[in-house]
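Got chain B sorted already, so can you dock chain D onto it with the hints?
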Amino acid sequence: MTTAARPLTVNGRSCPLDGVPDSERLLDTLRWRFGLKGTKEGCRSGDCGACTVLVDGVSTLSCLTLTHEVEGSALTTIEGMADDPEGRTVQAAFEQAGALQCGYCTPGFVVALAGLLKERGRAAPTDELLADLAGNLCRCTGYLSIARAVALLPKEGA
Amino acid sequence: MSDFSLVSPASVDAAIAELRAGAPGEVAVLAGGTDLLFALDGGKSVPRRVISLRRLPWRTVDWNGPVLTVGSTLPLRSLEEDPEVARRYPGLFEATRAVGSVQLRHRATLGGNLGRAAPASDLIPVLLALDAEVDLLGPAGARTMPVDRFIRGSNRTALGPGELIRSVRFPEPRPSAYLWQRVRPANDISQIAVAAAYSPSTSRYQLAVGGIPPRALRLSEAEERLGESTPTNAQIHAASEWAARRLEIATDRRASEEYRRHLVATLIERAVRRVVASRKEVG
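As they're listed, the protein sequences go chains B and D.
So in the numbering used here, spot 9 of the first sequence is number 280, and the numbers just go up one at a time.
So in the numbering used here, spot 142 of the second sequence is number 438, and the numbers just go up one at a time.
Okay, chain B solo, but in the shape it has when bound (with noise of 0.2 Å):
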């Protein structure tokens, strides 16, 4: 890059891009340069959805990104779903549901179905939810206790 890229807030946590290369990813930059290892590397091809990531509130495949495209951009990871709202309130469905098992699938579901709370206006009917997860993963195959999780979650007019 030629002009210094504008640093990136992670989490609410401002972070410089100084020293990163041009070719890399958000994902690597994420968990091996801020140390930020909740998001997860499934396939590195935008098959699987374990690397969301929230990109200015939207979902995003961390492993099909260039960091340096997403400069000056307020990233929200797995760590930060505690101090999100819509990630709150994904996550106490999770417990709620117990829906995980091995666990590796489980931050992409949460970004992802708080990325999509937030793009519906914080509740949105089960099956659209679940429609729109398809490109989230769980080589578990543990799908079940995931939409029991996803039927916990507000609804359109609750």
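No lab work stands behind these hints: they were computed from the structure.
It should be emphasised that the depicted structure is a prediction, and the values quoted were computed from it without experimental measurement.
We put the CB at the ideal spot given by N, CA and C, even for glycine.
The reader is advised that the hints may include incorrect statements.
Pairwise CB distance ranges, derived in the manner of DEER restraints [said to hold, decoys possible]:
1) Pro457/D x Ala394/B: 47 to 57 Å
2) Cys314/B x Glu322/D: 25 to 35 Å
3) Leu415/B x Ala454/D: 46 to 56 Å
4) Arg393/B x Gly523/D: 46 to 56 Å
5) Gly456/D x Arg284/B: 22 to 32 Å
6) Gln372/B x Ala306/D: 26 to 36 Å
7) Ala394/B x Gly361/D: 33 to 43 Å
8) Ser316/B x Gly456/D: 24 to 34 Å
9) Arg304/B x Arg355/D: 26 to 36 Å
10) Ala422/B x Pro320/D: 52 to 62 Å
11) Pro396/B x Val479/D: 21 to 31 Å
12) Gly523/D x Glu366/B: 57 to 67 Å
Showing chain D alone in chain B's frame:
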């Protein structure tokens, strides 16, 4: 993965100049990046320099009466969330929803999909059925051409040196549908996909098929068999049978030739019936 330098030109002229300055094969254009970064990791693409279009003012949806113009760098998710797009161009809405996942569509773009010209693109068939046109900008200025002429083959387009896709234009709202078959609903590639549309100005149906290499195709001969206005069951059957028998279809790791022939007939039949039914609803 290869190392490259990334530039994000702040103007269209600067982007075109950057693109011209690079030797062919050494420069790649990044719109949403969802396909480019996938290709980079597989070593399929090894550019020295990547030109990002993120600063260009092309994340737009413009209406000129019923004519829809979509800026090439608009995220697909924004397109699918536009209620007017869903109402006037339902096939485009359905095809957009078929791409990747919500997370992927937050970055993936129409221009990127078109420029990549993948044989299994979920968007190109519906662009063909809707007679979409592509607006290009390059060193010699602007030009416009039908998507059918723009796509030259698998991963091959009519883009000239230094040229960028600026927007895609849809000239006429049409009752339309997009149907596909694949192993997984999200983040997968269609074994066969069919787009169907009815043109109010010509009273004719338009069909296109995707998922068969090297490129998505308009099915003019099948369209002929549908006739005008409201096709009979026999006409719908004749159109789908033509496609199942006459298309050049091969077996690959996604599906056998036999299954694809079965699919293409079934999906054409369903897509046409959907369009006929939606015409009745609209009145």
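Each hint, compared with the structure:
1. Pro457/D x Ala394/B: 47 to 57 Å: Since the Cβ atoms of Pro457/D and Ala394/B sit about 50 Å apart, the hinted range of 47 to 57 Å holds.
2. Cys314/B x Glu322/D: 25 to 35 Å: 28 Å, holds
3. Leu415/B x Ala454/D: 46 to 56 Å: 49 Å, holds
4. Arg393/B x Gly523/D: 46 to 56 Å: With a Cβ separation near 50 Å, Arg393/B and Gly523/D satisfy 46 to 56 Å, so the hint holds.
5. Gly456/D x Arg284/B: 22 to 32 Å: At 46 Å between Cβs, range violated.
6. Gln372/B x Ala306/D: 26 to 36 Å: Violated, at about 48 Å.
7. Ala394/B x Gly361/D: 33 to 43 Å: The hinted range 33 to 43 Å holds for Ala394/B and Gly361/D, with Cβ atoms some 35 Å apart.
8. Ser316/B x Gly456/D: 24 to 34 Å: 31 Å, holds
9. Arg304/B x Arg355/D: 26 to 36 Å: The hint (26 to 36 Å, Cβ to Cβ) holds, given that Arg304/B and Arg355/D are roughly 28 Å apart.
10. Ala422/B x Pro320/D: 52 to 62 Å: 53 Å, holds
11. Pro396/B x Val479/D: 21 to 31 Å: Once the Cβ atoms are compared, 26 Å apart, the range 21 to 31 Å for Val479/D and Pro396/B holds.
12. Gly523/D x Glu366/B: 57 to 67 Å: 59 Å, holds
Hints 5, 6, counting from the list given before, are not met by this structure.
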